[in-house]
Each structure stands twice: as structure tokens, then as C-alpha cells.
Amino acid sequence: MIARRWQYLLFAIWVVALISTPLWAGNYVIRLATTIAMASALTLSWNFIGGFTGYPSFATAAFFGLGSYVGALSQIAGVPMVLAWIAATLFVGLFTAALGGIILRLRGHYFAIGSIGIVEVLRLVIASWGSLTGGGDGLNVPFLSGGPDAIARTFLAAMIAIMLCVFAITLVVDRGRLGFGLRCIQQNEDAADMLGVNTTLYKVAAFTLSAMFCGTVGAAYASWTGYIDPNESFSIIMTIKVPVMCLLGGAGTVFGPVVGAAAFTLLEEFFWINFLDYNRAILGGVIVILIFFLPGGLLQLPYRELFARSPWRPPQDKPAI
Amino acid sequence: MSATAPILELDAVSKSFGGIEALRRVSFTLQEGRIAALIGPNGAGKTTLVNLITGVQRATGGHISFRGQDVTRQRPHQAARRGLARTFQIVQPFPRMSVIENVAAGALFAGAHSGVAEAMAFAREQLEFAGLSEFADRPASALTLAGRKRLELAKSLAMQPRLLLLDEVNSGLNSSEIDGALALIRKIADRGITIVVIEHVMKVIFSLAERVLVLHHGELIADGAPDAIAGDVRVIEAYLGEKFARRARSVANA
Chain A
1 MIARRWQYLL FAIWVVALIS TPLWAGNYVI RLATTIAMAS ALTLSWNFIG
51 GFTGYPSFAT AAFFGLGSYV GALSQIAGVP MVLAWIAATL FVGLFTAALG
101 GIILRLRGHY FAIGSIGIVE VLRLVIASWG SLTGGGDGLN VPFLSGGPDA
151 IARTFLAAMI AIMLCVFAIT LVVDRGRLGF GLRCIQQNED AADMLGVNTT
201 LYKVAAFTLS AMFCGTVGAA YASWTGYIDP NESFSIIMTI KVPVMCLLGG
251 AGTVFGPVVG AAAFTLLEEF FWINFLDYNR AILGGVIVIL IFFLPGGLLQ
301 LPYRELFARS PWRPPQDKPA I
Chain B
1 MSATAPILEL DAVSKSFGGI EALRRVSFTL QEGRIAALIG PNGAGKTTLV
51 NLITGVQRAT GGHISFRGQD VTRQRPHQAA RRGLARTFQI VQPFPRMSVI
101 ENVAAGALFA GAHSGVAEAM AFAREQLEFA GLSEFADRPA SALTLAGRKR
151 LELAKSLAMQ PRLLLLDEVN SGLNSSEIDG ALALIRKIAD RGITIVVIEH
201 VMKVIFSLAE RVLVLHHGEL IADGAPDAIA GDVRVIEAYL GEKFARRARS
251 VANA
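Same order as they appear, the protein sequences are chains A and B.
Everything in the first sequence is counted per my numbering, starting at 1 for the first residue and increasing by one.
Everything in the second sequence is counted per my numbering, starting at 1 for the first residue and increasing by one.
Note that these hints are calculated values from the structure, not bench results.
Mixed in with the good hints there might be a few duds.
Which residues of chain A face chain B? A few of them, derived with a C-beta cut under 7 Å, are [claimed, not checked]:
no., residue
1, Asp-137
2, Asn-140
3, Pro-142
4, Phe-143
5, Leu-144
6, Ser-145
7, Gln-187
8, Gly-196
9, Leu-290
10, Leu-294
For every residue, glycine included, the Cβ atom is placed at its ideal position computed from N, Cα and C.
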């Protein structure tokens with residue numbers, strides 16, 4: 001583990017690096033930075049329910065897709081872009097709060113399967129409700145005025161802003177009563193309940209937090225690409241990638257999701273460029289290896305000892321008393 | 001300790017699981033500030049009774065009231081906030097939290113402490129009380145069984161309960177560990193907390209309790225002072241079988 005204040009410093013440098021890409025890099029890198037910020041926002045969101053609370057949610061794509069449709073439809077109806085994003089955030093938040101009371105009765109594998117079900121049901125509803133959503137033909141979202149450079153910069157800034165917003169909430173949750181209660185639930189839900197944690201309320205809060213900003217990201221993504229359709233918005237790949245990114249970095253930590261999202265996106269990009277045919281297979285192999293050998297995520301690596309080349313010391317937790 | 005209003009009142013409480021009646025019309029009242037014991041052979045319904053009182057399971061008949069309030073249908077976290085704490089027969093720490101965080105959780109969610117820092121400070125006092133100060137920053141999973149049982153007690157104390165139900169806090173401990181645990185339970189009672197000890201170990205009951213309730217096959221078969229209970233024919237029968245009960249009867253008659 002790296003000391004906390006160094007983690008903050010590295011994070012600040014990282015954010016500056018991302019936000020300054022238009023000054024020193026071309027369109028490809030700016031686009032990559034935007035994708036990383038977007039993945040970080042989604043992963044930080046997932047961390048509330050999957051990391052802190054320990055509920056393996058595969059519903060990210062449901063919230064993302066719902067957000068992109070609410071945002072797109074609002075924009076088509078004439079709502080200004082940023083207001084449409086806020087509307088998508090609130091809508092997804094309310095939707096999830098209502099849904100959470102039902103689906104959070106499930107635990108473990110059952111919850112995981114139920115959460116995948118949300119993605120599929122929403123995809124089918126959106127695909128079938130042609131009169132409102134355009135069905136399988138998808139929707140065209142009004143483009144932003146200004147040149148491609150200005151648009152690229154706007155969406156880079158927007159995704160980074162969303163990421164920082166979720167990060168700030170993560171910090172507050174991590175230190176406060178909510179985070180404490182969620183960790184209790186993660187480690188032993190029944191004992192937490194007996195201890196006075198209102199588990200239903202806490203889980204719904206975590207689930208809602210995990211969804212809201214996926215809605216914002218979805219709406220922003222819809223404005224960015226200018227076109228959405230049900231299959232891409234509710235993609236099963238996204239719903240699996242996000243938890244993998246979080247586990248890669250370190251679930252339930254503050255910085256893990258940021259590290260995981262960046263590492264995964266860069267790896268994915270690297271394999272995509274270098275191994276066009278087999279990139280998914282190689283990426284899959286890398287993920288399996290990382291999860292096997294680093295179950296606590298990249299953040300858990302003993303960096304200090306790696307760099308100091310000191311011999312490995314066994315953990316010192318002898319039984320007490 | 002002259003409170004006349006009962007802290008806990010059970011009125012014909014029953015619980016059945018399908019066709020099996022785990023508890024049949026159990027009624028008793030507890031006064032504030034006393035130590036009572038609840039005993040009974042395995043499967044008598046002791047833990048079920050604790051589960052009903054703390055809202056883990058819901059009674060299928062009868063009423064439970066706590067400090068004059070009907071709590072028959074409460075949820076566990078509501079019980080905790082009302083001042084009803086329990087320990088588990090099988091200890092349930094949060095394994096990846098430190099010992100002090102485990103205790104602070106009790107103070108934060110059931111006690112009167114709304115801030116994390118405040119709860120941690122209060123937790124430190126409780127750890128000292130339970131003799132666990134030196135392990136405060138160890139992970140809870142690093143404690144021995146006796147240590148974990150103490151942790152359960154410290155956690156319950158941090159909840160600032162009015163009634164504490166101790167479900168076999170002494171099972172699995174050796175004799176000297178039991179003596180340590182007994183001293184701790186007495187210290188807790190001295191704080192004015194009403195305690196119900198659920199036990200198998202007779203030594204514990206006779207040295208602690210002023211009153212003993214005996215459950216057998218889901219029914220309350222005896223209720224009285226420890227000495228009276230030890231000679232009660234029905235209790236002997238429940239524990240040792242009919243042969244010993246007959247012998248006890250003949251001794252009594254002789």
C-alpha cells in the first residue's frame with residue numbers, strides 16, 4: 001500500500017494529465033482520456049454497491065442505457081444539454097431507489113442474476129417501445145455546435161467533471177456513517193442489522209448512488225456520439241467490464257476504481273491496437289491472471305517493498321489473547 | 001433497582017416452523033436491573049426465544065413488550081436502537097475490520113453517537129472495560145475464541161443497551177476463561193443493565209442468576225430461584241431423564 005497522501009497526490013497529477021491532453025496530444029489521446037474518465041465514473045459508481053456493500057451488481061449497463069435514453073429524449077424534446085443530463089441523473093436515481101427495495105431482497109448470486117435481468121428487461125422495453133424510443137432504429141441526438149476540437153474538449157471536461165463528482169461523493173461516503181454501515185453489511189449483513197444498521201435503507205442508498213451517475217454518463221455519452229440504439233446502450237460487455245475494472249484496482253477502496261478503470265482501458269487499447277484478431281482473448285487471459293494473483297486489486301501490491309527490493313516479510317497477525 | 005414496571009414482558013408467545021412448534025405459549029416478565037438465566041436442553045427453544053425478542057424472527061402468536069411498548073413485530077435494527085442487544089452463540093464479528101471498529105459500529109448505529117470519531121472514542125472506553133485495549137487495532141479475525149466472545153460483549157455494551165441477552169457467551173471456553181467472562185458479566189450488571197444469560201454451563205447460572213427460567217420442548221416448565229430450580233423434579237427429568245427424577249422424588253420423600 002502507498003500512503004494515503006501520496007495516493008491523493010498521484011490522483012491529482014492523474015486528473016491534471018487527463019484534463020490537459022488537448023494541450024499536448026492529438027485527437028486519439030483526447031478521446032482515450034475521455035473514455036478513461038467515463039470508465040472511472042462508472043467504476044467509482046459501481047464501487048458503492050459492489051465494493052463497499054459487497055453486492056455483485058451487473059446492472060451498470062441498465063443505468064447507463066436508461067440515462068442515455070432519458071437524456072437523448074429530453075434533448076430531442078428541446079431541453080438544453082446539461083439540463084437533460086441532470087434530468088437523466090434524477091430519473092435514474094428515482095428509478096433505482098424504487099427498484100432497490102425489491103431487488104435488494106436478493107443476496108449473492110441471486111442478486112447478480114437479478115441485476116443482469118434489469119439490463120435485459122430494459123433493453124427489451126426500449127427496443128419494443130418504438131413510438132417513443134425509435135425501437136431498433138435508435139435515436140439521433142442533436143449535435144453540439146462548434147468544431148470537432150471544441151466538441152472533443154467539451155466532452156472530455158464533462159466526463160472528468162462527472163468522475164470528480166462521484167469521487168468526491170466516494171470520499172464523503174468512505175469517511176462517514178454511510179460507508180461504515182455499508183462495510184458492516186458487506187462483512188456480515190445479519191450482524192449489521194442486529195447492531196442497529198437499517199440495512200434496507202443503507203442498501204437502497206448504495207444502490208441509488210451506484211446508479212445515478214451511470215445515468216449522467218449515459219446521457220453525456222449519448223450527446224457525445226449523437227446516436228444511440230438499444231443494443232449498444234444496454235450492452236452486456238459494459239455490465240461485465242465495470243466490475244472487472246473495480247476488482248482490478250481494488251473494490252471497496254477510494255482509489256481502486258480509478259486505478260482499475262485506467263489500467264483496464266489502457267490495456268484494452270493496447271491489445272486492440274497490437275492484436276486485432278485476438279485482443280479479446282488476450283485481455284480475458286490477462287484479467288484471469290490478475291484476479292487470480294491479485295485478489296485485492298492493484299492497490300494492494302506492496303509497492304514499497306517492491307521498490308526497496310527488501311526480502312518479503314510474512315504478515316504479522318499472530319492470534320491475540 | 002426498585003423499578004416496578006417490567007422491562008420485558010412476554011404474553012403467551014408462540015413460534016411454529018411449519019408443523020413444528022418451537023415455542024408454546026411462553027409467558028414471563030423481567031424486572032429492570034436483574035440477572036436472569038434461561039436454561040434448557042438442546043433444542044428447547046432458547047435461541048428461538050432470543051430471536052423473537054430481538055426481532056430476528058417473528059412470533060406466530062402472543063405479544064412481546066419492551067418497556068411498555070409492543071415490539072412483537074419489530075425488525076432487528078429497531079430492537080438494537082430501542083436498547084435490546086444480544087450476543088450470538090456463534091460469534092459474528094466483522095472479520096476485516098479492526099477490533100475497535102467492530103465496537104465503534106455498535107456505538108454508531110445503536111448507541112447515542114452520531115459521528116464516527118465520537119463513536120471510536122466511546123468504543124475505546126468499552127474496549128478498556130472489556131479488557132481488550134491492547135488488541136484495539138488488530139483485525140477482529142486475529143482474536144482467539146475467548147477474545148471474540150469478549151469482543152461480542154464490548155460491541156453489545158457500545159450499543160448502550162437496557163437489556164442484554166447473552167446467548168451462550170461461555171460455550172467453548174475453558175474454566176479460567178469462564179471465570180474471566182463471569183467477572184465481566186457482573187461488571188456489566190453493576191452498570192444497571194438487565195441481563196438474561198442463556199446457558200448450558202451450570203456453574204455460570206448458579207453463580208450469576210437471581211432467577212432461572214427453564215425451557216423444555218418449547219414450554220416454560222419452571223421459573224424461580226436457582227436453588228429451587230436445582231431441586232425441581234420436572235427440571236431434573238428434562239435434563240437427566242425419568243430415572244433420575246424418580247430417584248430425586250424418593251430422596252425428597254424419605
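Verification of the supplied hints:
1. Asp-137: It is violated, given that the least Cβ distance between A:Asp-137 and chain B is near 48 Å, above 7 Å.
2. Asn-140: Violated - the Cβ of A:Asn-140 stays beyond 7 Å from chain B, reaching only about 49 Å at its closest.
3. Pro-142: Violated, about 46 Å.
4. Phe-143: violated, 47 Å
5. Leu-144: violated, 43 Å
6. Ser-145: violated, 48 Å
7. Gln-187: OK, holds: A:Gln-187 within 7 Å of chain B, min 4 Å.
8. Gly-196: Holds, because the Cβ-Cβ distance from A:Gly-196 to chain B comes to roughly 3 Å (cut-off 7 Å).
9. Leu-290: For A:Leu-290, the interface hint is violated, since the closest Cβ of chain B sits about 21 Å away, which is over 7 Å.
10. Leu-294: Violated: closest Cβ of chain B sits about 17 Å from A:Leu-294, beyond 7 Å.
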